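Residue numbers (this note's numbering), protein chains in the order written: chain A, 1 to 576; chain B, 577 to 807.
It should be emphasised that the hints constitute simulated quantities derived from the structure, not laboratory data. Incorrect hints may have been included.
Okay, the calculated bits of chain A under chain B, using three or more residues with CB under 8 Å as the criterion [stated by the list, open to error]:
#, segment
1, 67 to 80
2, 88 to 95
3, 328 to 335
4, 397 to 403
When the alpha-carbon atoms are kept at most 30 Å apart in a straight line, the in silico BS3-like pairs for lysine-lysine are as follows [as the list claims (entries may be wrong)]:
#, chain 1, residue 1, chain 2, residue 2
5, A, LYS454, A, LYS392
6, A, LYS74, A, LYS365
7, B, LYS637, A, LYS466
8, B, LYS632, A, LYS365
9, B, LYS632, A, LYS496
Source: prediction; values computed, not measured. Note that the Cβ used here is the ideal one computed from N, Cα and C, for glycine as well.
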Amino acid sequence: MTVAAEPALSAPAERLRERLASAPGGLRAEVADRDLPTIEVAPEAWPALARYLRDDPGCRYDLFLDLCGVDNLKRPGQKTRFEAVVHLHSLSRNEHVRVRVPLPNSDKPSLPSVSDVYPAANWFEREAYDLYGFDFPGHPNLHRLLCHDAFVGHPLRKDYAPGQRWFFAEEDLRMPAWSKDTDVRAGHFETQTISIGPSHPATHGIIHLVARLDGERIVRAETMIGYLHRCFEKMAEKHHWNQIIPYTDRLNYVSAMINGVGYVRTVEKMLGVEVPERGRLVRTILSEFTRIMDHCVCIGANLVDIGALTSFVYLYQNRENVYDLLEACCGARLTVSYVRVGGLAVDVPDDFVARCRGLLESIPKLLDDVEKLVNNNRVVRSRLSGTGVVTKEQAVAWGMTGPMLRASGVPYDVRQARPYDFYDRFDWDVAMARDGDNFARYLVRLEEMRQSLKIIRQALEILPAKGPVNSDDWRVVLPPKDAVYHDMESLIYHFKLVMEGVRAPAGERYEWIEGANGELGYYAVSDGRGGPYRLKVRPPCFPNMAAFEHMVVGGTVSDAIATLGTLNIIAGELDR
Amino acid sequence: MSGVVDVSRRVPDRLTFLQRIYLPEIFRGMAVTLRHLVLNLLDRRRMPTIQYPEQKRNYSKRFRGKHILKAREDGTLKCVACYMCQQACPAECITIVAGEHPKIAYEKYPVVFDIDMMRCVFCGFCVDACPKDAIWMTRNYEMAFFSREDAVFSIERLRESKEEVATHGYGYRPYYPGDGTTPPSDASLLPVVSGSGERDTLRREGVVLPERSAGAGPLNAPSQAAKAFPA
Chain A
1 MTVAAEPALS APAERLRERL ASAPGGLRAE VADRDLPTIE VAPEAWPALA RYLRDDPGCR
61 YDLFLDLCGV DNLKRPGQKT RFEAVVHLHS LSRNEHVRVR VPLPNSDKPS LPSVSDVYPA
121 ANWFEREAYD LYGFDFPGHP NLHRLLCHDA FVGHPLRKDY APGQRWFFAE EDLRMPAWSK
181 DTDVRAGHFE TQTISIGPSH PATHGIIHLV ARLDGERIVR AETMIGYLHR CFEKMAEKHH
241 WNQIIPYTDR LNYVSAMING VGYVRTVEKM LGVEVPERGR LVRTILSEFT RIMDHCVCIG
301 ANLVDIGALT SFVYLYQNRE NVYDLLEACC GARLTVSYVR VGGLAVDVPD DFVARCRGLL
361 ESIPKLLDDV EKLVNNNRVV RSRLSGTGVV TKEQAVAWGM TGPMLRASGV PYDVRQARPY
421 DFYDRFDWDV AMARDGDNFA RYLVRLEEMR QSLKIIRQAL EILPAKGPVN SDDWRVVLPP
481 KDAVYHDMES LIYHFKLVME GVRAPAGERY EWIEGANGEL GYYAVSDGRG GPYRLKVRPP
541 CFPNMAAFEH MVVGGTVSDA IATLGTLNII AGELDR
Chain B
577 MSGVVDVSRR VPDRLTFLQR IYLPEIFRGM AVTLRHLVLN LLDRRRMPTI QYPEQKRNYS
637 KRFRGKHILK AREDGTLKCV ACYMCQQACP AECITIVAGE HPKIAYEKYP VVFDIDMMRC
697 VFCGFCVDAC PKDAIWMTRN YEMAFFSRED AVFSIERLRE SKEEVATHGY GYRPYYPGDG
757 TTPPSDASLL PVVSGSGERD TLRREGVVLP ERSAGAGPLN APSQAAKAFP A
């Protein structure tokens, strides 16, 4: 598709084109208007473009959000078989942009690494190498990330037969090359390499940290993940749009509701479906409760790791109470599967508002108790203050979002930067701190929980007492059961939806919301069938974890444990 | 309206002398935990924990537990083996084999209806997909088994039993009492069209069955049809 054939560009895309045209040396890049301004560039020009997009004062796309591959083998009409798709965000101008890099046809398509421009790209490139077999010349550590080292092939390629099994034995484990070297320092004993994890109580899920220790200080580290990789994205390609909802629950299983909301919003945007106000408000209320729950788990588990058990119990009490509310709404506590494309599975129970108000009463009391136990506790302070420090520049360079970024002094919150649903109608503040250490993250999360309560209180005020929660577009939402049982026409709609799925028009869409850990993005490509052609999740804790191996260097092992706790790694989301 | 709140200095940067010598803070902390202990002892209903399995949690009427297959008045399963739940299942855990029922009114029936409970994710999509009100869920969540074979529940274990419903109660279902849904008519209570109603007898007698009337429900509006099946 050429730019000339496109209708007039929207203002941001037009501005971007002018900006690129005025670049010194000339950047051969085309700008088109999709759901986001989309730049198309050849692989050779990509690093120069990346550098320009980051540094040019008129662009300043400083936050690297996502890089993923797309295989067009079964989607005819595209320029090349493989393409890399990058999403960037500009913090100063509050804009997203997409860069598409079509890759020349080859069995090992290659594009230069930009991990020197955007450190956050490091792991995303490794992931694309692993799942698509893209080569990234110039990458410092191009190894498999999500699949194990004995894996053969690249699973997200369309010609990879799913269902193959690759046996992994212990001797197949690739340890970093430096971990085998001995390193004897003059006048000092030799350093030693240890493995923390994969199965360790402090790793919260299964994460493997290889660390070289000099005494108790970490001098070098590398994280290995993928132990919980369940091929979410490959599974998504085999299912209908609605059938993926239970899978999204298992991404970040601590805040399952938010994942579902983020996912169905993407599909709804593709379809152009409008969810009634009541449905969206219920989603907002439950998402905010889920956010509180997620922060409770993060703070609670972090405090347990550093030896404070009591606050954990009080925080988990909140979580249990929120689970009760979720279970009353949808019938499950952890894996809620409550949302549907176009609305919710069922309307909330009659006592929903009363239950929410009860929680609004009980949660702050327990938070107060936790603050009394923790805030001025000397042990907690000495473990958390000044450890795991991330400066503002580092946080941006590593692509961090959410509480991690906000604790380092960047008040970027999707709910305020690009208000969705009703967030612009509520009176609430984005919590931020400046120190960037573990204690700052604790404070930010604590304040976010209180702000979430504030949002819920206002959402309950404007929640209509009665009314539909689902769209009445029967191409998307299952008709009411009464009609299905007694009316042939409704039964046909029902049948078409169940058997063929919702049909999203061909195209692509990136939608993002504020997850509990940061920007949760879904990039969906549809070819017009009942399910996604490609679905990429931008898991917020993935860039955080990528930075972990840099953050721990210079600190002690016990600091690393405290830092891992405040990163809030959810292995389900990290490994997908 | 909305702004940014800086929490960096919400908690004093430096601890006071009293906070640094541990003891006063320890007592303050113990006051919090003691308050919880005493209040919980005085009022056991406040206790957040329960003594499972002697004591069980009371789940909502929407709880997604073990599935049951609903039966008609005459004891045959309402399921007509239409495969919609099998298709809707994201975990691909339902296996159906359809057979032709001797009674014409029942059309098809499931010869095999298996749910692999090891694969099942209890999302309730099968309940949503069923057009015949044939599959519900209960609040039964105690389904431990010792082998993979035992995990595949067949019709015998899925058929609704009075004892199971009495013990656990219904969970997630397509409609709830009072939401205005009329369940589909029970085929076993309908008058027999002709003769014995047996398929083979009817065939022998050369009976031509009456046409079903087209529905005239709320979704029959032409606009809705145009949306669903664009030309």
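Quiz item: Can you list which hints this structure breaks, lowest number first?
Solution: 1, 2, 4, 6 and 9
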